[in-house]
Amino acid sequence: LAKTTQPISMDSYEGQEVNITCSHNNIATNDYITWYQQFPSQGPRFIIQGYKTKVTNEVASLFIPADRKSSTLSLPRVSLSDTAVYYCLAQTGFQKLVFGTGTRLLVSP
Amino acid sequence: KAGVTQTPRYLIKTRGQQVTLSCSPISGHRSVSWYQQTPGQGLQFLFEYFSETQRNKGNFPGRFSGRQFSNSRSEMNVSTLELGDSALYLCASILLGGRKETQYFGPGTRLLVL
Chain A
195 LAKTTQPISM
205 DSYEGQEVNI
215 TCSHNNIATN
225 DYITWYQQFP
235 SQGPRFIIQG
245 YKTKVTNEVA
255 SLFIPADRKS
265 STLSLPRVSL
275 SDTAVYYCLA
285 QTGFQKLVFG
295 TGTRLLVSP
Chain B
12 KAGVTQTPRY
22 LIKTRGQQVT
32 LSCSPISGHR
42 SVSWYQQTPG
52 QGLQFLFEYF
62 SETQRNKGNF
72 PGRFSGRQFS
82 NSRSEMNVST
92 LELGDSALYL
102 CASILLGGRK
112 ETQYFGPGTR
122 LLVL
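In order, the protein sequences belong to chains A and B. Using my numbering, read the first sequence as starting at 195 and increasing by one per residue. Using my numbering, read the second sequence as starting at 12 and increasing by one per residue.
Hint data in this document are derived by calculation from the structure and do not stem from the laboratory. Careful, some of the hints might be misleading.
As the list claims (entries may be wrong) - The following residues of chain A were derived to be distant from chain B, with all beta-carbon distances above 12 Å:
1. M204
2. E208
3. Q210
4. S217
5. D225
6. T228
7. Q232
8. R239
9. E252
10. L283
11. L300
Claimed, not checked - If you anchor each label on the Cβ, the simulated ranges turn out as follows:
12. L107(B) to V253(A): 41 to 47 Å
13. Y207(A) to N67(B): 36 to 42 Å
14. M204(A) to S97(B): 44 to 50 Å
15. T16(B) to R271(A): 32 to 38 Å
16. F80(B) to R271(A): 43 to 49 Å
17. S81(B) to T250(A): 36 to 42 Å
18. E208(A) to Q29(B): 44 to 50 Å
What the hints assert, rightly or not - Below, computed lysine to aspartate or glutamate pairings styled on DMTMM-like, alpha-carbon distance capped at 25 Å:
19. K197(A) to D225(A)
20. K111(B) to E252(A)
21. K197(A) to D96(B)
22. K111(B) to E208(A)
23. K246(A) to D225(A)
Fair warning: this is a prediction, and the values are worked out from it, not measured in the lab. C-beta: ideal position from N, C-alpha, C; glycine also.
Taking the hints into account, I'd like the entire structure generated from these sequences.
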C-alpha cells in the first residue's frame, strides 16, 4: 500500500513558480501519480496525472525522477486563486488509492 | 458532459440515526469511489465499485456500506450514526483506462451528526 508524504504548508507570492513535492514508497514503474487541488467545502479538482518522467498540461507540470520515490507538482506563475490545498495520489495498480496528507499553499500579493 | 452529482449537499442527523447518500457519476463511467474527509484525518478511502461490484474497501466499520446500481449510480449508507461521522463525504467518478484510473470528484455531501 503506497503511503505518501507532503509538506503541510507552503507560502508563495503571485507570479512565482511553486514546486510541491510528494514522497512515496512502493511505486511500481507504471503506477500513476495524480495531483488534485481542493478549495474549502468543495471536492478535489483534477490537475495532472502521469507515470513517466515529465508530464505537462496547460496548468501544471509533473516530474517523476528515475527512482520514483517522489514526484513534484510544478505550478508556473501562481496567482491568488491558486491558494488551496494540493493532494498527491499514488495509485498502486488496482489496489486502494492513497491520498497524501495535503499541502496548504498560500499565495500572497 | 455533466459532472458528478451528489445529493443531498447538506444533511443534519442525530446520533443513532442512519443516512443514505447518493452519487451519480459522469455519463459513461462505470466505477465510483467514496471518501470521507475530516479536518483531523484528511481524505480517507471508503470503498470503490465497478459494475455493481465492490472492488475495494477501506478500513471503516461495517456501519458504512455502499452499493452501485446498473445505471452506475451509487449510494452509501451509514447506520447508527456517531458524532465522529460528521464529515464531508465525497464521491468520485472514475475513468478507467487500462492500468490508469482518473477520479473526478463531486461537490460532496456535508453531514453533521448532533
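Results of checking the hints against the structure:
Listed as a non-interface residue, M204(A) keeps its Cβ farther than 12 Å from every Cβ of chain B; the least gap is roughly 17 Å. Once the 12 Å rule is applied to beta carbons, E208(A) is consistent with being away from chain B; the minimum gap is 27 Å. Listed as outside the interface, Q210(A) is consistent with that label: its C-beta sits roughly 26 Å from the nearest C-beta of chain B, beyond the 12 Å cut-off. Every CB of chain B is more than 12 Å from the CB of S217(A) (nearest about 16 Å), matching its label as outside the interface.
With a least beta-carbon separation of about 8 Å from chain B, D225(A) fails to lie farther than 12 Å from that chain, contradicting its non-interface assignment. With a minimum CB-CB distance of about 7 Å to chain B, T228(A) fails to clear the 12 Å threshold, and the non-interface call is violated. At roughly 8 Å from the closest C-beta of chain B, the C-beta of Q232(A) falls inside 12 Å, breaking its exclusion from the interface. Separation of R239(A) from chain B is inadequate, the least Cβ-Cβ distance of about 7 Å not exceeding the 12 Å criterion.
Its beta-carbon lying about 16 Å from the closest one in chain B, E252(A) satisfies the requirement of being farther than 12 Å from that chain. Not every Cβ of chain B is farther than 12 Å from the Cβ of L283(A); the closest lies at roughly 8 Å, contradicting the non-interface assignment. The Cβ of L300(A) sits about 17 Å from the closest Cβ of chain B, beyond the 12 Å cut-off, so the non-interface label holds. The supplied range of 41 to 47 Å is broken by L107(B) and V253(A), whose beta-carbon atoms lie about 23 Å from each other.
At roughly 41 Å, the beta carbons of Y207(A) and N67(B) sit within the given window of 36 to 42 Å. Distance hint check for M204(A) and S97(B): the Cβ-Cβ separation is about 29 Å, which falls outside the suggested range of 44 to 50 Å. The hint said 32 to 38 Å for the Cβ distance between T16(B) and R271(A), and at roughly 34 Å that hint holds. The given range of 43 to 49 Å is respected by F80(B) and R271(A), whose C-beta atoms sit roughly 44 Å from each other.
In this structure the supplied range 36 to 42 Å holds for S81(B) paired with T250(A), their Cβ-Cβ distance being about 39 Å. At about 47 Å, the CB distance of E208(A) to Q29(B) agrees with the hint of 44 to 50 Å. Taking the CA atoms of K197(A) and D225(A), the gap is about 13 Å. The hint holds against a cut of 25 Å. Between K111(B) and E252(A), the direct Cα distance comes to roughly 20 Å. Compliance with the 25 Å bound is thereby established for this hinted pair.
For the suggested pair K197(A) and D96(B), the alpha carbons sit about 24 Å apart, so the restraint of at most 25 Å is met. The suggested pairing of K111(B) with E208(A) is violated, with an alpha-carbon distance near 34 Å, which exceeds 25 Å. A threshold of 25 Å between alpha carbons decides the hint, and for K246(A) with D225(A) the separation of about 9 Å falls inside it, so the pair holds.
Violated hints, listed in ascending order, are 5, 6, 7, 8, 10, 12, 14, 22; each of the other numbered hints is respected by the structure.
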